[in-house]
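As they're listed, the protein sequences go chains A and B.
Under my numbering, the residues of the first sequence are numbered 1 to 285, in order.
Under my numbering, the residues of the second sequence are numbered 1 to 321, in order.
Everything labelled a hint here was simulated from the structure, so no lab data went into it.
We put the CB at the ideal spot given by N, CA and C, even for glycine.
Heads up, some of the hints might be wrong.
Within a straight-line C-alpha distance of at most 25 Å, the following computed BS3-like cross-link-like pairs (lysine-lysine) qualify [stated by the list, open to error]:
| hint | chain 1 | residue 1 | chain 2 | residue 2 |
| --- | --- | --- | --- | --- |
| 1 | A | 232 | A | 99 |
| 2 | A | 126 | A | 81 |
| 3 | A | 99 | A | 81 |
| 4 | A | 17 | A | 27 |
| 5 | B | 45 | B | 89 |
| 6 | A | 81 | B | 311 |
| 7 | A | 39 | A | 17 |
| 8 | B | 243 | A | 81 |
| 9 | B | 243 | A | 232 |
| 10 | B | 45 | B | 191 |
| 11 | A | 232 | B | 191 |
| 12 | A | 99 | A | 126 |
To give an idea of the interface, some chain B residues facing chain A are shown, with a C-beta separation under 10 Å as derived from the structure [what the hints assert, rightly or not]:
| hint | residue |
| --- | --- |
| 13 | 144 |
| 14 | 226 |
| 15 | 260 |
| 16 | 268 |
| 17 | 304 |
Computed footprint of chain A on chain B; a stretch qualifies when at least three of its residues, placed anywhere within it, have a C-beta under 8 Å from a C-beta of chain A [unchecked claim]:
| hint | region |
| --- | --- |
| 18 | 97-107 |
| 19 | 170-176 |
| 20 | 196-208 |
| 21 | 247-254 |
| 22 | 311-320 |
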Amino acid sequence: MAWFRKDKRKRTAQREKLEIPPDAWGKCEQCGHVDINEKFERALQVCPSCGHHRRISAQRYIEILIDDGSFTELYRELRSKDALGFEGYEHRLASASRKAGTHDGIIAGHGTLTGLAVNLGVMDFKFMGGSMGSVVGEKVARLIERSLEHRAPLILVSASGGARMQEGVLSLMQMAKTSALMARLRESGTPYISIMTNPTTGGVSASYAMQGDVNLAEPGAVIGFAGPRVIKQTIGQDLPDGFQTAEFLEAHGMVDAVVPRSELRATVASVLRMMVSAPALEAQD
Amino acid sequence: MARTEFHLDFEKPIAELEQQIAGLQQMANDRRLDVRGEIAPLEAKLADLRREIYRTLTPMQRVQVARHPRRPFTLDYLARVFTDFVELKGDRLFRDDPAIVGGWARLRERPVMVIGHQKGRDTKENLRRNFGMPHPEGYRKALRLMHMAERFHAPVITLIDTPGAYPGLGAEERGQAEAIARNLEEMGGLKTPIIAVVIGEGGSGGALALGLADRLLMLENAIYSVISPEGCAAILWNDATQKERAADALKLTATDLETLGIVDEIVPEPAGGAHADPDGAAEALDEALARHVPEVAGLDPTELRTRRTDKYRRMGQYVEA
């Protein structure tokens with residue numbers, strides 16, 4: 001007879017099984033790291049493992065940069081128009097609006113950044129690849145004019161594949177329009193901070209994105225004039241590792257600093273406070 | 001010098017008639033015959049044919065004409081429209097970019113700074129000129145020359161003819177985007193008149209980097225576009241052979257751009273295009289420049305700049321809902 005007998009009682013679960021919703025997990029597109037979404041979100045959608053900066057919405061950049069509750073959107077009523085009668089454009093615009101939940105490739109407005117009044121434009125890659133047509137150009141132009149008028153710093157966050165071909169040469173002319181105004185802004189001594197995110201190429205990089213008094217870029221962002229695919233086709237060979245990344249541009253002298261998303265707000269605030277002259281700051285208070 | 005003939009597909013009837021006339025002339029010369037009576041009506045017919053074909057070109061055919069290898073390039077106009085040209089090379093930073101040429105010249109005695117894209121006529125020259133596709137140093141040279149013109153109160157005349165800024169490794173490394181962006185900003189603020197003429201291909205940002213101007217003229221068969229028809233078709237329809245469709249949609253001809261309010265004046269080309277008669281094309285360009293340059297050269301620099309900014313400020317079409 002055994003001194004000890006194994007209890008044959010049927011075991012029941014000590015606690016209820018945790019129900020984990022399938023969308024609670026996120027996977028880094030770069031390194032494959034899997035983590036709960038909340039952790040990605042707390043890190044502003046930066047991978048906790050490899051530091052890959054995932055794409056975030058224009059709205060999210062506004063939340064990151066601007067003091068809570070201080071943002072007022074401007075020029076909301078501007079809508080793109082099919083000026084050339086370009087086949088399929090109307091349809092593309094409608095579906096882009098649905099998909100992105102915005103009316104064009106940029107959200108413009110004003111608000112405060114650590115108490116400092118600024119004008120801000122944030123491009124949205126989700127809206128037709130952040131392409132620049134008349135509306136994007138017009139909103140940027142109005143923001144520059146507003147900065148000139150109020151002597152308030154301008155911040156533009158770019159994310160764009162370039163000019164919008166469905167508006168033909170009218171898109172191209174937006175580069176000229178914003179640049180001519182930018183020349184005035186620079187002379188006026190009003191600071192302009194350009195923040196380049198993934199990707200910033202074509203007509204946007206070849207105009208306002210590269211015209212900042214200070215050009216900042218997010219880690220790993222692809223920045224260049226021609227897109228990597230076009231270059232690869234032209235030269236008929238693979239591109240070197242890291243070609244056209246923010247770090248590459250920093251090393252080649254085109255970008256002042258590569259700034260992680262978590263430090264963006266503090267960096268912009270700090271540099272702006274040194275650039276804005278004391279009398280201008282007093283005038284704001 | 002042996003002339004290499006090059007005919008576009010739709011120019012075939014013109015080429016055939018030209019051959020017929022040449023053949024007749026040859027025979028007459030050999031046999032010492034007087035065929036003036038036979039040739040005159042043929043030449044009249046040839047002129048009509050040229051006019052007729054060129055009057056009804058499709059947008060894609062105009063793209064072909066704008067890219068014609070025998071079309072006059074910047075240096076051809078420099079030799080015909082201007083005098084005393086002294087080429088000035090280099091960006092003082094990296095190297096000289098032969099895809100852009102520039103320097104002092106005279107336009108009807110008036111000193112001007114001429115800057116233009118330069119394509120090559122044959123393979124060898126095209127390799128040297130990179131098919132008229134500039135690197136950043138080309139744009140930086142152009143900017144250096146524009147600032148020189150500003151210091152010496154001379155108007156800047158730019159001639160635009162490029163497939164686009166070069167998409168290559170070195171170009172990106174040295175800041176193609178930055179170079180174009182800087183030119184746009186500086187041209188926006190330049191305190192001397194700028195007159196830009198699209199003489200052939202106006203390829204996107206690479207063209208605009210010489211094209212922000214007080215007056216924009218365009219040769220009749222030149223084109224100006226945000227993207228090449230081939231590139232547009234490849235992106236939109238995944239099929240580069242749909243280039244005709246894209247060329248129609250992009251509205252890239254001189255007449256389209258005049259309607260859109262981008263181009264101030266269309267410079268007429270001789271019947272059969274500028275390549276059929278480079279001297280005639282140069283004459284028309286000279287006439288147009290001689291009118292526009294004095295008009296803007298007389299303006300006060302501040303006034304000039306205000307007008308320039310205002311002109312671009314109005315560009316674009318949108319709705320305010």
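For a C-alpha distance cap of 25 Å, please report whether residue 45 of chain B and residue 191 of chain B respect it.
At roughly 50 Å apart (the allowed maximum being 25 Å), residue 191 of chain B and residue 45 of chain B break the hint.
Would the pair residue 45 of chain B and residue 89 of chain B pass a check requiring their Cα atoms to be no farther apart than 25 Å?
violated (46 Å)
Okay, the region 311-320 of chain B and chain A, do three or more residues pass the C-beta test at under 8 Å?
holds (count 8)
Would you check whether residue 304 of chain B satisfies its interface hint, that is, whether its CB is within less than 10 Å of any CB in chain A?
violated (12 Å)
Sort out whether residue 99 of chain A lies within 25 Å of residue 232 of chain A, counting only the CA atoms.
Violated: residue 232 of chain A and residue 99 of chain A sit about 30 Å apart, past 25 Å.
Checking one constraint from the list: CA of residue 81 of chain A to CA of residue 311 of chain B, max 25 Å. Satisfied?
holds (20 Å)
Would you check the hint for residue 99 of chain A and residue 81 of chain A, treating anything up to 25 Å between C-alpha atoms as holding?
holds (18 Å)
Given the hinted pair residue 99 of chain A and residue 126 of chain A, is their Cα-Cα distance within 25 Å?
Holds: residue 99 of chain A and residue 126 of chain A sit about 7 Å apart, inside 25 Å.
Checking hints one by one. Is residue 260 of chain B an interface residue toward chain A, by the C-beta closer than 10 Å rule?
Holds: closest Cβ of chain A sits about 7 Å from residue 260 of chain B, inside 10 Å.
Are the Cα positions of residue 17 of chain A and residue 27 of chain A separated by 25 Å at most?
holds (23 Å)
Taken at face value, is the distance from the CA of residue 191 of chain B to the CA of residue 232 of chain A at most 25 Å?
violated (40 Å)
Taking the closest Cβ pair, is residue 226 of chain B under 10 Å from chain A?
With Cβ-Cβ at 5 Å, under 10 Å, it holds.
The structure fails hints 1, 5, 10, 11, 13, 16, 17, 18 (numbered hints given earlier, in ascending order).
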